[in-house]
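Q: Converting from the sequence shown to the working numbering requires adding 7 to each position, the first position being numbered 1.
What the hints contain is simulated information worked out from the structure, not anything from laboratory work. A couple of the hints might just be wrong.
SDA-like cross-link-like pairs, simulated, lysine to any residue; straight-line CA separation at most 20 Å [claimed, not checked]:
hint	residue 1	residue 2
1	438	309
2	30	57
3	438	454
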Amino acid sequence: MKSFIHHDAQSIDEAVRLLKTYKGKALLNAGGTDLLGSLKQGTLKEYPEALINIKPITNLDYIKEEKEGLRIGALATLADVTKSPTIRKGYRALAEAAKSVATPLVRNMCTIGGNLAQDVRCWYYRYPEQLGGSIKCLRKGGKICNALVGDNRYHSLFGAAPLDEYPCTSRCPAHINIPGYMASVRSGDMSEAARMLLDYNPIPAITGRVCPVFCEPECNRGAFDEPVAIRCVERAVGDYVLERASDFYTPPKQESGKTMAVVGSGPAGVAAAYYLRRLGHRVKVFEKLPEAGGMLLYSLPEYRLPKDVVRKQIRALAGMGITFELGKTVGKDVTIVDLMRRFAAVFVAAGAWKERPLGIKGEKLTLSGLQLLNRVNAGDTTLPGKRVAVVGGGNVAMDVARTLLRLGAEPVVLYRRTRDEMPGFKDEIEKAIEEGIEFQFLTLPTVASKAVGQGGDKIVLTCIRMQLGAPDASGRPQPVPIKGSEFTATFDAVIKAIGEEPDLSLLPAEFRTAARKGPTVQGPTVQGPTVQGPAVHLGKNLFAGGDLLSGPSTVAQAIGSGREAARLMLQSLNLALKLDQGPTAGNGEGRVFSSPSFVAAARVRPTELSASERVKSLDAEEARGVSLSDAGAEAFRCFNCGCVSVGPSDVGIALVALDATIVTNKRTIEAGDFFSTSATEVTKLRTDELITEIRIPKQPEGARQNYLKFTLREPVEFAIVSVASVIAEKNGICDKARIVLGAVAPVPLRAYGAEQLLVGKAISESLAAEAGAIALQGAEPLSKNEYKAEIAKVLVKRAILG
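Let the sequences and hints guide you as you build the complete structure.
A: Below is the structure:
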């Protein structure tokens, strides 16, 4: 055991003062928490600096019955609770629960408050040495709950305690609540899935086609068989949304009277516009091009993102009341300063349309990759030449090369590093190779010149071979020229596609420095290393984001930026972006798992055109979406990751059944709300909070109370299943019923359905059996704990019958 500072607190005030002094790095020792055992075993995620022993506090071990009910001091021992005539007579379920804890010797030391606050007992968390060594489970900062795919015979039947942040969500630039909408898809509620997805991503039909899925490599399902096909499910939900656009993109019920301006109709711009409009603000989007959509419409090839999908999306947004002013160049037709005068807030998301130069002699002979894509997307399919060099290794270079191939050219990609260092999306590179596009790696152009004596307008490109050296600022090996390795190659055209950069000239000079600097602190909706520059308040009522701030990024990153920009704009107006309850809203509580999640199942794969079919068309979408039924089946593969350990407190189960409240030094909490559903904590006690008293209201006269517990060994084991019940009858008819299950969920679980069944009926064996079955409806056992459901049914029946 490591050393720590030990304090004997003589009063509640002293204990609270010490807790505040150590700022969350001290723990209370009250008897019954098994804290010292945890310290010896190294169980805790972080070792405390200090232990505060509160057992010396006097006058906290009372048991008093008053007119309203029972009051028990937090330091009353379980032995005293067990033996108290008052409790045994009027609050029998609590006496039985206390008596079921461990041995008489242990009960003499354990306090009722300590039993309530004890830590979980999952063996992966608590006793890892018995399994062969230390295990970094989910509660200790690990990535996955080991019981999900390991031995889970004693774990939850009704789902998992949710994470504050899920692995998949943590890597999503838009911070989408992926497990949340997956759960809705799994249950067949596509409308709820759509609304949940729209809280984070207003254009899912688009991201479902072009997102590079930063999330999927983090999916814990990958440790079991294959990651969930998140993009496929997102596309299915997105297409569902667009098909019913009038149901989901609706004008706000109430107008705020404020009008906002957005410059640019790309993904960052439309995302900001969507969230601002959804909250009742009028929004006008300024777009210099003839159609709205920005790079979605003019840069991405149609075979990757059909223009019809983009146009439907823009129409849906317009249906909310968002106004698009097209063919309006900000900086020429209207200035930023003009907009700042006219609108409450202005968001500039004009993208990164300025192409980076190659920096070589004869560069004027080269063509722009971005301009080629813009031209083709506008309908001009003029071929720049037969044999065309494409310089670059990013996404634009891949789009240019693949588009040229479809136009009938023979593209050759020149890249100064190897394939492993290419910054383009892996799947786009693989498709280019499948289609037969030629790649010349470790090749750097140095001079472009007109060919002499070869006829036509051919270009001679002088190149030099490269070798990889030490890592540069990007973390990739730096390409180093090989002396004497120069060579020439002749092409009909040379297209540069080495990246784009923002053009900040449209911003007033006083704001350009802030734009170049970017955000100094990441916003709360944008987290993780995959996110490039979210959004920034440039000053006054001017904001910037998207590619204008970060340079070229992904659609998902731009969405995250637009959402953050909306938050900043509203914050500047003393308003709030309130669309949801956080990234884990609604997750993990109750019945969130499904048994197929733990059965090996093939990942859904959309139908794709073959390479030979793909190259025949510029506009045939290369990947088809999956059906809603296939999306639902794929959603069943989602682990809905969380901790499936169960609450260990026997006393807590009884107190919920008795409708008790827990009094602390700061507040009063209903027993049913005392236990946390988060995987990062056991109770809702704050770092400077301690239990002082338990209060139980008087129970109905003559009510039958029971606490039944199934264990492997008597009397020292924790419950495999437990049930606490209070059944009150009048004239042979059930008047009131409270039934609570323990050790079947992360927290005590009220059996509301069983309670409702009993009230108003005469208790019988058949009715009790039916109630037991109802109490376990929705249980979704893990791979090894299905037996617990049958035990629970029997215990519920016995508890009801008394």
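Q: Hints first: check each against the structure and report whether it holds.
A: Cross-check of the supplied hints:
1. 438 / 309: holds (15 Å)
2. 30 / 57: With Cα atoms ~11 Å apart, residue 30 and residue 57 stay inside 20 Å; holds.
3. 438 / 454: violated (30 Å)
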